[in-house]
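Undergrad: Residues per chain are reported as follows:
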Amino acid sequence: MQEIREKILQTRAFQKKVVQTVLSFLARGLRICRRLDPLVQVEFDAMPEDFVLVMGVLGARHPIILQNRSTGLYRVRESFAAVCNRIPLAPPSVARHFSAGTTDPSRMLEIRFKSVEAGWRMITGQISIAQAYARHDLMIHGEIARAMQFVRCIERVEAYLLPKRMARRLRLLQEQLPNPRWRIWLQLLYAKKEEYTLQDGKEVL
Amino acid sequence: MLPEYFEFYNPVKILCGHHALENIPYELMRLGATKPFVLISRTMVEQGVLEMIGGRLKALVRTDVPKDSSFALVDEITTRVRQEGCDSILAIGGGSVLDTAKAVRVMLSGENKNLRQMLGSEWVIPGRKEIPFIMVPTTSGTGSECTGVAVVQDDRTKIKQEIVSDRFLPDVAILDPRCTEKLPPRLTASSGMDALTHAVEAYTGLQKNPLSDAYASSAVRMIGQHLIAAVREPKNEEHRMMMACASTMAGMAFSNSMVGLCHAIAHALGAACQLPHAEAVGIMLPHVMRWQMDVVGHDYGRLLCDFCGPEYYAQIPDRQRGEKLIEAIEDTLIHLHQKCEIPSNLREAGVTRKDLRAVVQAAMDDGALLTNPKPAGKEDVLYILERAL
Numbered sequence: 001m002q003e004i005r006e007k008i009l010q011t012r013a014f015q016k017k018v019v020q021t022v023l024s025f026l027a028r029g030l031r032i033c034r035r036l037d038p039l040v041q042v043e044f045d046a047m048p049e050d051f052v053l054v055m056g057v058l059g060a061r062h063p064i065i066l067q068n069r070s071t072g073l074y075r076v077r078e079s080f081a082a083v084c085n086r087i088p089l090a091p092p093s094v095a096r097h098f099s100a101g102t103t104d105p106s107r108m109l110e111i112r113f114k115s116v117e118a119g120w121r122m123i124t125g126q127i128s129i130a131q132a133y134a135r136h137d138l139m140i141h142g143e144i145a146r147a148m149q150f151v152r153c154i155e156r157v158e159a160y161l162l163p164k165r166m167a168r169r170l171r172l173l174q175e176q177l178p179n180p181r182w183r184i185w186l187q188l189l190y191a192k193k194e195e196y197t198l199q200d201g202k203e204v205l
Numbered sequence: 001m002l003p004e005y006f007e008f009y010n011p012v013k014i015l016c017g018h019h020a021l022e023n024i025p026y027e028l029m030r031l032g033a034t035k036p037f038v039l040i041s042r043t044m045v046e047q048g049v050l051e052m053i054g055g056r057l058k059a060l061v062r063t064d065v066p067k068d069s070s071f072a073l074v075d076e077i078t079t080r081v082r083q084e085g086c087d088s089i090l091a092i093g094g095g096s097v098l099d100t101a102k103a104v105r106v107m108l109s110g111e112n113k114n115l116r117q118m119l120g121s122e123w124v125i126p127g128r129k130e131i132p133f134i135m136v137p138t139t140s141g142t143g144s145e146c147t148g149v150a151v152v153q154d155d156r157t158k159i160k161q162e163i164v165s166d167r168f169l170p171d172v173a174i175l176d177p178r179c180t181e182k183l184p185p186r187l188t189a190s191s192g193m194d195a196l197t198h199a200v201e202a203y204t205g206l207q208k209n210p211l212s213d214a215y216a217s218s219a220v221r222m223i224g225q226h227l228i229a230a231v232r233e234p235k236n237e238e239h240r241m242m243m244a245c246a247s248t249m250a251g252m253a254f255s256n257s258m259v260g261l262c263h264a265i266a267h268a269l270g271a272a273c274q275l276p277h278a279e280a281v282g283i284m285l286p287h288v289m290r291w292q293m294d295v296v297g298h299d300y301g302r303l304l305c306d307f308c309g310p311e312y313y314a315q316i317p318d319r320q321r322g323e324k325l326i327e328a329i330e331d332t333l334i335h336l337h338q339k340c341e342i343p344s345n346l347r348e349a350g351v352t353r354k355d356l357r358a359v360v361q362a363a364m365d366d367g368a369l370l371t372n373p374k375p376a377g378k379e380d381v382l383y384i385l386e387r388a389l
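In order, the protein sequence lines correspond to chains A and B.
Its first residue numbered 1, the first sequence is counted upward by one per residue in my numbering.
Its first residue numbered 1, the second sequence is counted upward by one per residue in my numbering.
Rather than coming from a laboratory, the hints here were simulated on the basis of the structure.
Accuracy of the hints is not assured; some may be wrong.
[Unchecked claim] Calculated cross-link-like contacts (lysine to aspartate or glutamate; reagent style EDC-like; alpha-carbon spacing at most 20 Å): (1) A:114 with B:166; (2) A:114 with B:7; (3) B:339 with B:323.
Extracted from the complex, chain B is given alone in its bound form (with noise of 0.2 Å):
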């Protein structure tokens, strides 16, 4: 159903397959740049990824991007990055590098003195126009090359504080299936499961709309052929560019329909427990798409259809196909669990029950709560939790 009304954006240029790298130098050129700064994990310039882009630009590099990004080292890069007279920003690794990357951007486009005044979401601040901007993701999760968001810890309160704002989006993204080649089958299986949560909560959330379903159910398919085997075979280069790809439309479609209970349940869970962030989403996804049946029920069913084929839809009575892709999902968190051990339950993970009243209120201040179809409180988000422990 059409909503009365919705927004869809997103300018990304994006680049994907065989020698996608190599084309950098020329996205940068194209973009007017000639001195970029280069945000990239230490593994990537061990696997010799900046060999890779060659090209005869001077850059700034910088590998040394902590676990969690934070308003100092935001600040620190972005005074280094104006003194070294850098034009452009070039991010390559994983959700840290990436969020830190988003940020300085931001920092160094606009007349904003402080990462603080960003806080909030659609909030602008005049400035002048953004500098170019490249992202290369390197796992196949998070999807933060199409999204704008950023989460960034503040020092003050070691508080990790969610930014929204297009002025995150990249130019351009890079997916080419060498920066995933020597991802752990784990961190595979994990991110894989964080793709299909976009893809789910973007397919059920209140901001949900034609555009954005359109991704989300093509992500949702291409996880559902090619989660597992990507795992069973890493070096399999086809699996891994579909779930490259599936990761990207899953980051677009939830950009613009937003992210739900699920991901409120999982940031709470990363901040009170340390739980990463991917794991945390894989465990509770089957958990709150029970919770809500009621409301989404029939959407979930659509999604069976994408998620384990026609043929299988097709034998399904309607009225038990959401509660049947929800059973599929379990399956696939089973068979990664055998496979590679990504937790299953929130016990497995190392939660306790004693743990769970203070996820329970980090949960309901995060702001993903507002776009769940079905609206949570305190006891609903301790149920759900219980049940996943």
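This is chain A alone, in the form it adopts within the complex (with noise of 0.2 Å):
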């Protein structure tokens, strides 16, 4: 029994880290598009400057944090509370309680996943995040019209990192690709330095 109970949890904080991993990588998938794929620069475009996006499990601490700006998406490398302290709606002693919902949901749109597997789901190209939200695995808060841009911007990226078998699947590839797919994959090496300039630079959030 106490075997079963240990193989549970490795699987559970294997698949965390997964989930993490992959999140990672589809937002620095969302910046590139953001730079690249006129669907996600009119998407982004539309959103408010200075506009905040958090995805992760719920519970996560360390959710992937985006902010839109006119020059592009970047990735706050700050943890969730801090966040929820600079665009508070409640006294920040309230809003450091994560996933309080205590931030004002038109500077910020969180989406967060119910559980890990819900996640991983996902993330594992099991299930479209359209699917995912038909199967009630996710939370939104924040305004629906938003989360719909958002939800776009995602589809957007998986169609271009899946394999095209499992996008044709999804039904994420709907229509021609603006950009060749090889070109987004090459572009995610350089994502990554631009990242830790952001991290070390000078202005996050």
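With the hints as a guide, bring both chains together as one complex.
TA: Written out as structure tokens, the structure is:
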């Protein structure tokens, strides 16, 4: 019995790490597509300046946090609590509680997977983000219209990153992609360097 | 086919039929309410609904709810209700009254001081236990009494925000035929088409499941049998009761299985062209159905049996059943158009070609698009709208 319990915990820990890693990868893809893909550009241009996007598993202290600016999309390397403190609706002491819904939804969109397994299903390409929503895998905090914009961007990035057959099965390849897939993949390598510059750099959030 | 995973939630006690209104004092007492806040439309007050309810409880009554609920209105009512010390809510009216009451109830029950904190879908804000909440719908279309969705206008942006939460569901819903007795035929017709759209979209949505299917197909059957009759004979209590029941069942179905493209476009038509929601969905339904026949045609075929009856269904070859359902719905819409002048196309509803681009953009940002069985892009939505013009 002990073995079974340990195996479950090990699997979950593994899945958690994979989910976090792939979400980082997805975030990098979003930043690249923000520059290169016309659809993603239009969607992010329609969002307010300094709009914050959060994506992660429920309860995770370090979800992926992105900030939209006219100059691009930036990865914020701070804890969620710190970000909440900067855009609070309630006093900072209250906003410190993770996912407590105390931040201003007009300045922030938060999408959380209800469980690690829910995140695993999506990031491994078993289901699309629309199907994840249909399965009640997602919690959304913020304006639904913004969530729809963000979802379209994620779907476009997935269309680039996932193998063609998988993307077709998830109905992500409805139209011809404006960029060759290899170009996005190559750019992913450079994006990492930019991230470090940002982390060291002057302006994060 | 059983989905890999599904959720179904509906904790609402439903009181349906003759003199159901008179049971409200008992239900309030059962739920531990001592001083309810009553949000009621003026028409219902004039029809003597408060007198029908009776009871000895003290209550705070408010009748002036505008056509579109708003954040400011919800804040104002919440403050007033807190000051008066009310411990429960009774909402009697149409969509706006019920949506306002849902938002007020959540504000009173939780610790949140701003409705904006509730924006989103299935977001959980820790709060104390919900206060007792009773709803009495006065139209047979929205199904709002059994849905966890509220639409409230943001005063800052003038955009109607959709909030999805289980906490919007009331403890009790009352369906009394006297509440729909004075409903104009045009409203009966358009709200009936709204209920039909809820049921059809719930039956084909991405979140569909055997439980929602059962409610949706029963609702389609009842609407198929009673919608035209309810418009033709507004005094007939049986037809009105069946439509009220069908609307509630469709509400239960779509609250769990979600609506789709037809609603996304109708919400956009409401925002961009001020088209009443019930009329917009009625116009769009056959066009959206025809567009996605290749994906859900088989499901439509099954609904033909419910909408037109088993005799007709048996005469139609399997491959033609989906198309025949669409034709039957179009015939119903045209019949209702001739009978009470509900618009049968967008042009009649005052929508012009130059409005379409704005409608497409608004539709693309609607959450209902996410649960549509066939993914739709801007070009698809524009194509459907042009067909409906």
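Undergrad: Please go over all the hints and tell whether each is borne out by the structure.
TA: Structure-based check of each hint:
{"no.": "1", "hint": "A:114 with B:166", "in the structure": "holds (16 Å)"}
{"no.": "2", "hint": "A:114 with B:7", "in the structure": "holds (14 Å)"}
{"no.": "3", "hint": "B:339 with B:323", "in the structure": "violated (24 Å)"}
Consistency with the previously given hints fails for number 3 only.
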